[in-house]
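Visitor: The task is simple: from the sequences and hints, build the whole structure.
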Amino acid sequence: MAHFTKATSVKDWFDQRLAIDKVEKVMMSEYWIPKNINFLWAMGMVLVVTFTLLLVSGIFLLMYYQPNVATAFDSVNYTIMREVDFGWLWRHVHGVAASVVFLIIYIHMFTGIYYGSYKKGREMIWISGMLLFVAFSAEAFSGYMLPWGQMSYWAGMVITNLFAGGSLHADGLVEWIRGDYVPAQAFLNRFFMLHVLLIPLAIMGLIGLHFAALRIPHVNNQDGEEIDFDAESKKYLAGDKAGSKVMRFANDFMAKDMMVVGIYLIFFFYLVFFHYDFAMDPVNFDPADGLKTPAHIYPEWYFLWSYEILRPFSTNIGLIAFAFAQVIFVLLPFLDRSPNTTPASRRGLFKIWFWAMLVDMIVLTAMGKLPPEGIFSTIGLVAALTFIGLWIVLPFITKMEKKA
Amino acid sequence: MKNNSRRGFMGKAFGAVAGIGAIGSLYAMKKSWDPLPSVKAAGFTTLNMDDYKENELVTEKWRGKPIFVLKQTKEMMEKAKANPKDMDRLIQIGDSHFMVCVGLCTHLGCIPGYNPAEESFLCACHGGMYDFTAEVTKAPPPRGLDIPPFKIDGNKLVLGEEGPEYKKMLEAGITLKV
Ligand code: HEM
Ligand code: FES
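First to last, the protein sequences are chains A and B. Residue numbers for the first sequence follow the numbering used here, so the first one is 4 and each next one is one higher. Residue numbers for the second sequence follow the numbering used here, so the first one is 9 and each next one is one higher.
Among the hints, a few may not be true.
SDA-like mimics (lysine to any residue), calculated; alpha carbons at most 20 Å apart, straight line [claimed, not checked]:
1) A/Lys372 / B/Ala132
2) B/Lys146 / A/Thr381
3) B/Lys38 / A/Ile300
4) B/Lys185 / A/Glu404
5) B/Lys38 / A/Lys295
6) A/Lys295 / B/Ser128
7) A/Lys295 / B/Glu68
8) B/Lys38 / A/Tyr184
9) B/Lys48 / A/Gln188
10) B/Lys38 / A/Leu176
11) B/Lys38 / A/Ser317
12) B/Lys164 / B/His105
13) A/Lys244 / A/Val29
14) B/Lys48 / A/Gly175
15) B/Lys39 / A/Gly175
16) B/Lys146 / A/Ile300
17) A/Lys372 / A/Ile300
18) A/Lys123 / A/His221
19) B/Lys69 / A/Glu178
20) B/Lys39 / A/Glu178
21) B/Lys69 / A/Asp292
22) B/Lys39 / A/Glu404
23) B/Lys39 / A/Val177
24) A/Lys354 / A/Glu404
25) B/Lys185 / A/Phe166
26) B/Lys38 / A/Gln188
FYI, nobody ran anything at the bench for these hints, they're computed from the structure.
Guide: See below:
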């Protein structure tokens, strides 16, 4: 039987029952981080902080929001914005965070691609990260329905129609998802449930998986060097802190992380107080009307690139291209055939691939915002084909790559 | 040994019961998301076809969806007669011909706008176009606007009921079932 002694302190009392010392070591002071990293490795912590901001602001919005087609619009635009003290703050924090979180996710993703942090044992980190991206996309979409404005309604109409699968005409599936022939009460209610419960739960589970996937391979570093974490941490614990290639997660790395988080929060609250409008579509300040489509329907900026891949093609090809774009990043660890985990700058053709992909996605994003006419259609089409082409050539150019 | 096989049996028995339970609850979950009977109890909308003016688009409502009604002009009828694909889509009531369609783009469901001067529809979402019988003239929409189930009743049109004229259209593949 476990043996308990009289506690010598409060800490000891807890330690005997919860092994807090051991837990602290495993999670913090003896979780080892390479020294050779830069500020881009702080993006994960920035994401945790942003998710917390979404959670806290969301809880406050939830206290006045009403998931009813007759009252939803006013509960947001009148009650929360005008009546509730500081209601505007929660709404602006929530809206800005929902937008900025995608900016950080994209930086985090492209950092991973640049440094090759998705291979040699880090595949599960990448895959769980992409699942988080999917979950956040679903979370943002379901949240966008809630104010029940014109953009909510018509984005809901267009996106749920994607599930008809073009010529498959799976209208039954679309009606099942909506619970009605058109987005209406059943639709708003179930997307409310998804937004405030099921998807946030899934996100929290996935964050756990993402962190668990990091434990064994540890984070990558600026040179993609394979570090012997056992040997290096022994060196550190033996007192050779300067000679060791690693440092403690807390407080060493946390101090740097929090520095970046601090700068980020200044930028974040600058947006919340002075530029929240970029996260609020003016069209969504008109209440939902099923008999009138707004002149231009486009998604929030973070979905524009994949939307632009859908747009230039006929329905079926467009859907296939869109589905391709949604899943293809998950397969990156398997499509990159090179054994090298060095940064893209030292990988020959892959360096060109990396920058071409980044620029192409920015072009797609810009074209997605512009009306689908004339030269914009053409540029959009070329960029969409480039996107697909880049993924097709990836296995070949990485296969040819020399061993570094 | 004996113990082991007994545990094995208990495991399998539990698995079987839990499996049935899981399938059952998935079924219940699926059904809970189905449209409610009150939603499904098809709304019927009756239109009085004497009320419409030539080349003036009117938007009615049926099952929450916008319904376009466009009375054809003489010129339109001439053009339509030259093009059987157009002619087949029209509904004749008395001496007049009408285009009656669900006003949702067959691409992804936006509402196309009507331009009476050009006698055509433009969908602003992805640039699809339709002519005055709502037949598609420019992609991405894969087909003309769908025609709702209708029944002709004198000078009235009942939406939601399937009359012989509608059934013929459905069989000829002029519209999909909505
Ligand atoms: C558990 C966490 C969350 C809760 C409880 C929550 C709750 C809510 C509520 C009640 C609303 C409606 C009020 C409004 O429109 O301002 C809302 C809106 C929204 N949420 Fe969340 N949310 C959470 C997390 C997230 C996350 C992680 C994202 C995005 C990645 C997100 C994106 C959005 C968006 C885009 C809107 C629409 C905002 C607007 O139009 O003002 N939410 N959320
Ligand atoms: S919804 Fe009309 S063209 Fe796409």
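Visitor: Now tell me if each hint is right for this structure.
Guide: Results of checking the hints against the structure:
The suggested pairing of lysine 372 of chain A with alanine 132 of chain B holds, with an alpha-carbon distance near 13 Å, which does not exceed 20 Å. Proximity of lysine 146 of chain B to threonine 381 of chain A is assessed by CA-CA distance (about 16 Å); at most 20 Å being required, the pair is judged to hold. Restraint check for lysine 38 of chain B and isoleucine 300 of chain A: the C-alpha separation of about 31 Å exceeds 20 Å, so the hint is violated. Note on lysine 185 of chain B and glutamate 404 of chain A: the hinted pairing is violated, with a Cα-Cα distance of about 54 Å set against a maximum of 20 Å.
The hinted pair formed by lysine 38 of chain B and lysine 295 of chain A fails the criterion: a straight-line CA distance of about 31 Å is larger than 20 Å. The suggested pairing of lysine 295 of chain A with serine 128 of chain B holds, with an alpha-carbon distance near 17 Å, which does not exceed 20 Å. Of the pairs offered as hints, the one joining lysine 295 of chain A and glutamate 68 of chain B holds, with about 12 Å between alpha carbons and a cut-off of 20 Å not exceeded. Restraint check for lysine 38 of chain B and tyrosine 184 of chain A: satisfied, since their Cα atoms lie roughly 17 Å apart, inside the 20 Å limit.
Of the supplied pair hints, the one linking lysine 48 of chain B and glutamine 188 of chain A holds, its CA atoms being roughly 14 Å apart against a limit of 20 Å. Between lysine 38 of chain B and leucine 176 of chain A the CA atoms are separated by roughly 11 Å; this keeps the pair inside 20 Å, and the hint holds. Taken as a hint, the lysine 38 of chain B and serine 317 of chain A pair is broken in the structure, with Cα atoms around 32 Å apart against an allowance of 20 Å. As the CA atoms of lysine 164 of chain B and histidine 105 of chain B are separated by approximately 13 Å, the hinted pair is consistent with the 20 Å bound.
Note on lysine 244 of chain A and valine 29 of chain A: the hinted pairing holds, with a Cα-Cα distance of about 19 Å set against a maximum of 20 Å. Of the pairs offered as hints, the one joining lysine 48 of chain B and glycine 175 of chain A holds, with about 12 Å between alpha carbons and a cut-off of 20 Å not exceeded. With a CA separation close to 13 Å, the supplied pair lysine 39 of chain B and glycine 175 of chain A stays within the 20 Å bound. Between lysine 146 of chain B and isoleucine 300 of chain A the alpha-carbon distance is near 19 Å, which keeps this suggested pair within the 20 Å criterion.
A threshold of 20 Å between alpha carbons decides the hint, and for lysine 372 of chain A with isoleucine 300 of chain A the separation of about 9 Å falls inside it, so the pair holds. The hinted pair formed by lysine 123 of chain A and histidine 221 of chain A meets the criterion: a straight-line CA distance of about 11 Å does not exceed 20 Å. Note on lysine 69 of chain B and glutamate 178 of chain A: the hinted pairing holds, with a Cα-Cα distance of about 18 Å set against a maximum of 20 Å. A hinted pair counts as satisfied when its Cα atoms are at most 20 Å apart, and lysine 39 of chain B with glutamate 178 of chain A qualifies at roughly 12 Å.
Taking the CA atoms of lysine 69 of chain B and aspartate 292 of chain A, the gap is near 12 Å; set against the 20 Å cutoff, the hint holds. About 53 Å separates the Cα atoms of lysine 39 of chain B and glutamate 404 of chain A, which puts this hinted pair outside 20 Å; it is violated. Taken as a hint, the lysine 39 of chain B and valine 177 of chain A pair is honoured in the structure, with Cα atoms around 14 Å apart against an allowance of 20 Å. Restraint check: the Cα-Cα separation between lysine 354 of chain A and glutamate 404 of chain A comes to about 11 Å, which is no more than 20 Å; the hinted pair holds.
Taking the CA atoms of lysine 185 of chain B and phenylalanine 166 of chain A, the gap is about 17 Å. The hint holds against a cut of 20 Å. A C-alpha spacing of about 18 Å is found between lysine 38 of chain B and glutamine 188 of chain A, which places the hinted pair at or below 20 Å, so the restraint holds.
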